[in-house]
Amino acid sequence: MSQLSAHGLGVRRAGRAILEAVSFGLEDGMFVALVGANGSGKSTLLSVLAGLLTPDSGEVRIDGTPLAAVARRDLARRRAYLPQNPRAEWPISVERVVALGLTPHLPAFGGLPEGLEPRLTQAIAACDLTDHRLQPATTLSGGELARAMLARALIGDPQVVIADEPTAGLDPRHALDTMGRLQGLAARGKLVIAAVHDLTLAARHASHLMALTAGRLAAFGPTAETLSPELLRRVFDVEARIVGAGGETLVDYLGPANGS
Amino acid sequence: MKPARPLPAFVLPGLAALTLLLAAAGSLFVGRVNVSPSDLIDGLFAPDLSLAGLVLTELRLPRAILAILVGASLGLSGAVLQGLLRNPLAEPGLLGVSSGAALGAVISIYFGLAAVFPLATPLLGLAGAMAAGALTFAFGRGGTLTLILAGAAVSGLMGAFLALALNFAPSPYAAYEASLWMLGSLSDKSWDHIALAAPFILVGLGLLSTLGRAVDALALGETQALSLGVDLDRSRLLAVLGVGLAVGAATSVTGSIGFIGLVAPHLVRPFVGHQPSRTLLPSALLGATLLLIADVGTRLIHTNTELRLGVITSLIGAPVFFWLVMRLRKVAP
Chain F
1 MSQLSAHGLG
11 VRRAGRAILE
21 AVSFGLEDGM
31 FVALVGANGS
41 GKSTLLSVLA
51 GLLTPDSGEV
61 RIDGTPLAAV
71 ARRDLARRRA
81 YLPQNPRAEW
91 PISVERVVAL
101 GLTPHLPAFG
111 GLPEGLEPRL
121 TQAIAACDLT
131 DHRLQPATTL
141 SGGELARAML
151 ARALIGDPQV
161 VIADEPTAGL
171 DPRHALDTMG
181 RLQGLAARGK
191 LVIAAVHDLT
201 LAARHASHLM
211 ALTAGRLAAF
221 GPTAETLSPE
231 LLRRVFDVEA
241 RIVGAGGETL
251 VDYLGPANGS
Chain D
261 MKPARPLPAF
271 VLPGLAALTL
281 LLAAAGSLFV
291 GRVNVSPSDL
301 IDGLFAPDLS
311 LAGLVLTELR
321 LPRAILAILV
331 GASLGLSGAV
341 LQGLLRNPLA
351 EPGLLGVSSG
361 AALGAVISIY
371 FGLAAVFPLA
381 TPLLGLAGAM
391 AAGALTFAFG
401 RGGTLTLILA
411 GAAVSGLMGA
421 FLALALNFAP
431 SPYAAYEASL
441 WMLGSLSDKS
451 WDHIALAAPF
461 ILVGLGLLST
471 LGRAVDALAL
481 GETQALSLGV
491 DLDRSRLLAV
501 LGVGLAVGAA
511 TSVTGSIGFI
521 GLVAPHLVRP
531 FVGHQPSRTL
541 LPSALLGATL
551 LLIADVGTRL
561 IHTNTELRLG
571 VITSLIGAPV
581 FFWLVMRLRK
591 VAP
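Chains as they are written, first to last, in this note's numbering: chain F, 1 to 260; chain D, 261 to 593.
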């Protein structure tokens with residue numbers, strides 16, 4: 001069953017093509033790492049997939065229904081989206097930040113219904129935030145904030161999780177932690193799509209690799225079959241060596257590609 | 261750092277409502293005409309018209325009700341705008357509706373309409389506020405920054421016309437009256453003023469109070485709010501409409517009253533764990549209370565010329581704001 005599919009996506013800004021003729025089909029249980037050079041259109045593609053940006057051509061379908069035909073709140077319940085470097089604008093508690101993930105499940109007025117309280121506690125515990133539950137989110141460290149935002153995204157139990165560079169700005173320990181959590185989600189049958197810059201992390205955790213160059217789909221397939229020095233030369237313009245496989249893959253950059 | 265849990269949801273609104281009731285009662289018993297509370301109560305229930313009864317029902321009661329409506333409009337508008345724009349400096353005048361109301365009112369004074377027909381000032385003020393709000397929304401739709409900038413541009417435009425009207429005022433007296441009007445006042449307000457402004461204010465307050473979920477989700481920024489199913493365009497429209505109706509109607513009846521809409525949400529915020537939706541009701545109640553107290557102040561402080569309400573709120577509000585800034589400097593990293 002196809003969970004999320006793109007059909008000839010195109011986005012233009014000021015006459016320049018940001019995305020062009022991007023098509024693919026994603027299914028439950030995949031952890032797709034979206035890679036590509038800066039400005040290759042990763043964030044734009046993720047926004048379009050999340051239904052936050054309407055493409056100029058083509059469409060995204062969720063379970064066969066075009067996103068444009070899915071009600072705002074319904075879509076919000078089915079997919080979660082995490083932007084780059086999310087932050088809290090007011091010093092609200094971690095608990096409140098996480099509870100905001102339930103917004104599409106709540107009535108227009110009133111507080112959090114009693115029945116959702118255990119879910120909140122569970123989501124906070126699952127992201128190791130129990131000690132920080134009442135701390136203002138503005139005082140969290142980068143790693144803690146990333147976990148709080150992840151808990152916010154996961155508390156609504158969405159089927160699709162879309163994250164734009166969830167490991168940006170995180171130290172190795174927290175980057176590993178985040179990737180492990182995303183991988184765990186996919187293992188439990190969710191569809192996870194994340195833009196990732198660290199190719200070693202991507203190769204070790206993601207089941208699939210999707211590469212963009214200049215707004216076009218350069219490659220898409222199971223990580224083991226897709227990741228190759230040739231792909232890295234084409235996508236990132238670098239010479240690289242790939243050592244090992246699966247959970248022990250190492251991507252080692254040798255230098256800029258010759259002759260370009 | 262482990263702060264305590266914020267107060268239960270009902271405590272602060274309950275306390276604020278109680279304070280408001282006390283302030284309202286106080287404003288009924290204090291005034292220029294010195295009538296004892298017992299006379300006032302007797303007068304109210306006496307079968308025939310008495311001076312005390314008249315003072316209460318025709319002077320102080322409409323004044324108190326208007327103070328509550330206007331103060332609540334300012335407080336709620338400030339809280340909604342600060343939450344929606346995620347800008348602690350947002351205040352009800354930001355969208356240009358107050359300047360629009362002032363321009364409309366000054367035009368009615370300028371052409372002498374106010375002398376012919378007493379409600380001409382609030383009516384034209386209301387028209388000015390609606391026009392300014394529509395102009396801000398027409399230019400500022402589609403983004404937070406554009407909305408703020410459009411509001412500033414419209415305020416500037418209204419201010420320019422206002423200055424023009426004062427510049428070419430037909431008589432020094434008209435210019436004086438217009439400037440005085442702009443300082444804000446609740447004196448000489450009748451039930452007619454309430455009948456005119458209350459429907460707009462109540463509809464405006466109703467629209468603004470639906471924005472709780474939106475301002476909460478916006479605490480995570482616009483993209484996350486959008487991804488959580490918040491319709492940002494609709495929220496912005498509701499906010500402009502709500503502020504336009506409530507603050508527009510309020511300003512057109514009372515003149516410009518500063519600082520209440522800016523300060524009330526800041527005073528409330530620490531007590532509700534900074535959660536934007538939970539600042540709305542207490543800010544409205546606190547705004548009403550502050551305005552009632554300020555109005556009692558204008559009546560208690562005896563001066564030759566009436567001390568205007570907008571002057572007293574600014575005199576009190578500005579130092580409070582200084583204090584907030586100092587506190588923020590300590591709290592913020």
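To be clear, the hints were calculated from the coordinates, so they are not data collected in a lab. Just so you know, these numbers come straight off a predicted model, no measurement behind them. Watch out, some of these pointers could steer you wrong.
Stretch by stretch, here's where chain F covers chain D in the computed footprint (C-beta under 8 Å, at least three residues) [stated by the list, open to error]:
1) 377 to 389
2) 570 to 579
A short list of chain D residues far from chain F (calculated; beta carbon distances all over 10 Å) [what the hints assert, rightly or not]:
3) 290
4) 432
5) 439
6) 470
7) 491
Here are some, though not all, of the chain D residues that point toward chain F, as calculated from beta-carbon distances under 8 Å [what the hints assert, rightly or not]:
8) 320
9) 322
10) 420
11) 587
Even glycine gets a Cβ: it sits at the ideal position worked out from N, Cα and C.
Hints and how they fare:
1. 377 to 389: With 0 residues close enough to chain F, the hint is violated.
2. 570 to 579: Per the Cβ count (0), the hint is violated.
3. 290: Holds, since 37 Å exceeds 10 Å.
4. 432: holds (49 Å)
5. 439: At about 38 Å from chain F, residue 439(D) clears the 10 Å cut-off, so the statement holds.
6. 470: Its Cβ does come within 10 Å of chain F, the nearest being 7 Å, so this is violated.
7. 491: violated (6 Å)
8. 320: violated (35 Å)
9. 322: violated (31 Å)
10. 420: Cβ of residue 420(D) sits 33 Å from chain F, so the hint is violated.
11. 587: violated (13 Å)
Going through the hint list in order, the structure does not satisfy hints 1, 2, 6, 7, 8, 9, 10 and 11.
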